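Engineer: Whole structure, please, built from the sequences with the hints as guidance.
Protein chains in written order, with my numbering: chain A, 1 to 420; chain B, 1 to 420.
Keep in mind that the hints are not guaranteed to be accurate.
[Stated by the list, open to error] Beta-carbon label-pair distances, calculated as ranges:
#1 A319(B) <-> I100(A): 34 to 40 Å
#2 T110(A) <-> E286(B): 29 to 35 Å
#3 K104(A) <-> G199(B): 38 to 44 Å
#4 G191(B) <-> E217(A): 18 to 24 Å
#5 S66(A) <-> N360(B): 47 to 53 Å
#6 I100(A) <-> L352(B): 49 to 55 Å
[To be verified] If we take Cβ atoms under 10 Å as the criterion, some of the chain A residues that face chain B in the derived model are:
#7 I111
#8 V116
#9 D202
#10 L225
#11 R256
#12 G258
#13 G261
#14 Q374
#15 L394
[Unchecked claim] With a straight-line cut-off of 27 Å between C-alpha atoms, the simulated DSSO-like cross-links for lysine-lysine are:
#16 K16(A) <-> K172(A)
#17 K357(A) <-> K32(B)
#18 K210(A) <-> K58(A)
#19 K104(A) <-> K357(B)
#20 K57(B) <-> K210(A)
#21 K172(A) <-> K357(B)
#22 K16(B) <-> K32(B)
#23 K172(B) <-> K16(B)
#24 K104(B) <-> K357(A)
Simulated from the structure, these hints should not be mistaken for laboratory data.
Computed from a predicted model, the values in this text were never measured in an experiment.
Virtual Cβ for every residue (Gly too), placed ideally from N, Cα, C.
There are 2 protein chains.
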Amino acid sequence: MTELSIDMPLMGTRAKAAASLLSLSDAETRNKALVEAVHLIEARTDDILDANAIDLKKATEKAPSSAMLDRLALNQTRLNAIAHSLRQIAAMPEVVGEIITTLKPANGLTIERVRVPIGVIGIIYESRPNVTADAGALCLKAGNAVILRGGSESYHSSVALHGCLVEGLRAKGLPTHAIQYVTTTDRAAVGQMLEGLNGTIDLIIPRGGKSLVARVEEEARVPVLSHLDGICHTYIDEGADLEMARDITLNAKMRRTGVCGATETLLIHRSVLQTHLPPIVKALREAGCTLRGDRDICAQLPEIAEAVEDDWSTEYLDAVLSIACVDHLDDALAHIAMHSSHHTECIITEDLNAAEKFLNAVDSAIVMHNASTQFADGGEVGLGAEIGIATGRLHARGPVGAEGLTTYKYRVRGNGQSRP
Amino acid sequence: MTELSIDMPLMGTRAKAAASLLSLSDAETRNKALVEAVHLIEARTDDILDANAIDLKKATEKAPSSAMLDRLALNQTRLNAIAHSLRQIAAMPEVVGEIITTLKPANGLTIERVRVPIGVIGIIYESRPNVTADAGALCLKAGNAVILRGGSESYHSSVALHGCLVEGLRAKGLPTHAIQYVTTTDRAAVGQMLEGLNGTIDLIIPRGGKSLVARVEEEARVPVLSHLDGICHTYIDEGADLEMARDITLNAKMRRTGVCGATETLLIHRSVLQTHLPPIVKALREAGCTLRGDRDICAQLPEIAEAVEDDWSTEYLDAVLSIACVDHLDDALAHIAMHSSHHTECIITEDLNAAEKFLNAVDSAIVMHNASTQFADGGEVGLGAEIGIATGRLHARGPVGAEGLTTYKYRVRGNGQSRP
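Structural biologist: Shown next, in the form of structure tokens:
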């Protein structure tokens, strides 16, 4: 198929038809299709790794970043992880058909709010083959049809994985257009998806860096569930246990610096500056972290470079941490209100009143007490797999699993009621 | 204040600050502020009716439609209804702070998904003074700050009602900027709201006719919760009781023809065409309804005019009904899938299998069995007051009450966990 011959609107129409059939399929069949896809991934391991080798060879010629090549690369361990993830998704409790609320108004009607699939979801992502499998599976789990458009560098790998998903659908009698992959690398295809393919796409989810998300938010004419910055804060309260504060801060910053739940700014109460700051700074430095402090921090530890205003609103995604001193819990709340991206914030304290105040007052998708901000992840909060972390406030917020890929309808049963 | 002197961005900033305070206010205080507003509306009845008289006088000079004047007019009965509505909203159960789910993942964290306000809501509506009170009250109930922008013809009435809400807030120590009214009639103010007032507005809700909603959907740079068409269907199955079919159809079409839940197309199974259609048609005609049928309908009752293709996708909002004959429940489902606006559809039948199939297969916000589509209303489905009926699929769907004006956050409690 040449690039120009792809009929994107036809993909939309087929997805819509598949979504209609899927909405009536039972959970067991969808789960079995996922397990069948796992069997195929396992059986086709060599083919998939060969396809990935082609992608890696082509990508290497373009001299990309090592991070990009790392995201693109598959091996036996990573394929095992993909298979494990699909099995987990298949084993997760069913969300479609769940009765969320039952209402019994005075008019005698029986009303249920019941969970149903959203319909057709478009997912636009970078060159990460595992997203092809994960996102396709999670959409199917929630009864949605999906149109996947991965980065061009992962073309052969994604097509190979996509083939396994489609064969899984076919084996269980489900519509094969329920999971479609856009096989053109023409960026115009993305533009067409963002316009909604003649009203067939109900939701777009971008997964990738800021420039991709920004393009999607700018151009999309359909609803978008997206993930912007993760400028996460850890606040060490005056009631914090020293050892816990040190261990959590080290983990929150350094476990993985490139994830959105990594802490970017540390706030510390003045009353524990002399006791808690030095061991924390020592641990961070030994782990290779660069530190930038406000005037009070630098006065205490002159070896720390002074932060500039931009530091307080920067998502480093790197081994860099800005540190500010506050005089009161309220000052920490004010700093967070001003600079946070409303993703994840944590208070470390033994003072339960301070903890409750923080948990209530901070307006972020995830607010934590005495735990690392790196727990900001669908699997870790108990949702099973996640399609991403939403930083908007509407529909779904924070880690989004299968439930976030559903909507609801009102099912009303009467016995002849007319409205007065 | 002259029109040009309104500082819309300042309104946004003030709303944001008020929202932050409101999110920490307790439900009882917000409810008491609403009851205080009711007292003021009752005490100021004469002033409010005087203000309304000014609006009516000015509006009449512009020779508007009688429907527009009707929406604008207040009297003692309507003020009583407004007061009753506010009391009901105050008495409704609290939604903010509700723990939606508790998760206990293996990492030992305790995780609650807790309901929180959305933040700042902008409501843009036509010249209906009651919306000023209702929408302002419902936003406050759910802990949101709101910026209200009503139609210019209702200026004096809305300002008078808005004053009562603000005095209610002040009396109970709540931020008076929690409910702001845009006192300019300059349409540029609407444009500024649609751009989000420097990121301070989290959600826009348009309430009004199609041209208003279309403008909002086209121009808004922030999420929109809106209501488009209500092309609702009633399907008379072969298993329908004749009397029930007649009574429900008459109510679904003629109780009020201008509401979104009014049935616009009647589908009838061929096997009951001869028995059920004539009495239904008779009842509708006696009530003053104009009928348009497909070929089968017109063959049976030649006095019915033939429908054109557009009839099947028209929201008449008038005493007009299109009628089509179908050979099978599946044909009814196919007609609905093609022409419905996914608002409200009903099946009338004594056959429970047919009813279940219909309730599952129809992809509309409200699907009904043996009841009038005119029950499509937040109060009737048991939500208390409603801010409107959402025809989109994301965030909230169908009638939207206080709960639809909230989002959630994850509250995570640990005891020192770092992520492995």
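Engineer: Measure nothing beyond the straight line between the CA atoms of K104(A) and K357(B); if it is 27 Å or shorter, mark the hint as holding.
Structural biologist: The hint holds at about 22 Å.
Engineer: Given the proposed pairing of K172(B) with K16(B), does the C-alpha separation stay at or below 27 Å?
Structural biologist: holds (19 Å)
Engineer: Just tell me: holds or violated, for the beta carbon distance of I100(A) and L352(B) against 49 to 55 Å?
Structural biologist: violated (23 Å)
Engineer: Interface hint check: V116(A), Cβ to nearest Cβ on chain B, cutoff 10 Å. Holds or violated?
Structural biologist: Result: holds, 7 Å to nearest chain B Cβ.
Engineer: Please work out if K104(B) and K357(A) have their alpha carbons no farther apart than 27 Å.
Structural biologist: holds (22 Å)
Engineer: Measure nothing beyond the straight line between the CA atoms of K16(B) and K32(B); if it is 27 Å or shorter, mark the hint as holding.
Structural biologist: Distance ~22 Å between K16(B) and K32(B) Cα, so the pair holds.
Engineer: Given a cut of 10 Å on the nearest C-beta pair, is the interface hint for G258(A) held or broken against chain B?
Structural biologist: Cβ of G258(A) sits 14 Å from chain B, so the hint is violated.
Engineer: State, for the Cβ atoms of K104(A) and G199(B), whether the hinted interval 38 to 44 Å holds or is violated.
Structural biologist: Given a distance of about 41 Å, which is inside 38 to 44 Å, the answer is holds.
Engineer: Regarding the hint that Q374(A) lies at the interface with chain B, is the smallest CB-CB distance below 10 Å?
Structural biologist: holds (4 Å)
Engineer: Holds or violated: K210(A) with K58(A), Cα cutoff 27 Å?
Structural biologist: The given pair, whose Cα atoms are some 24 Å apart, holds under the 27 Å limit.
Engineer: Next item in the hint list is L225(A). Is there a CB on chain B closer than 10 Å to its CB?
Structural biologist: It holds, given that the least Cβ distance between L225(A) and chain B is near 8 Å, below 10 Å.
Engineer: Does I111(A) hold up as a contact with chain B if the rule is Cβ-Cβ below 10 Å?
Structural biologist: For I111(A), the interface hint holds, since the closest Cβ of chain B sits about 5 Å away, which is under 10 Å.
Violation of the numbered hints given earlier is confined to hints 6, 12 and 20; the remaining hints are satisfied by the structure.
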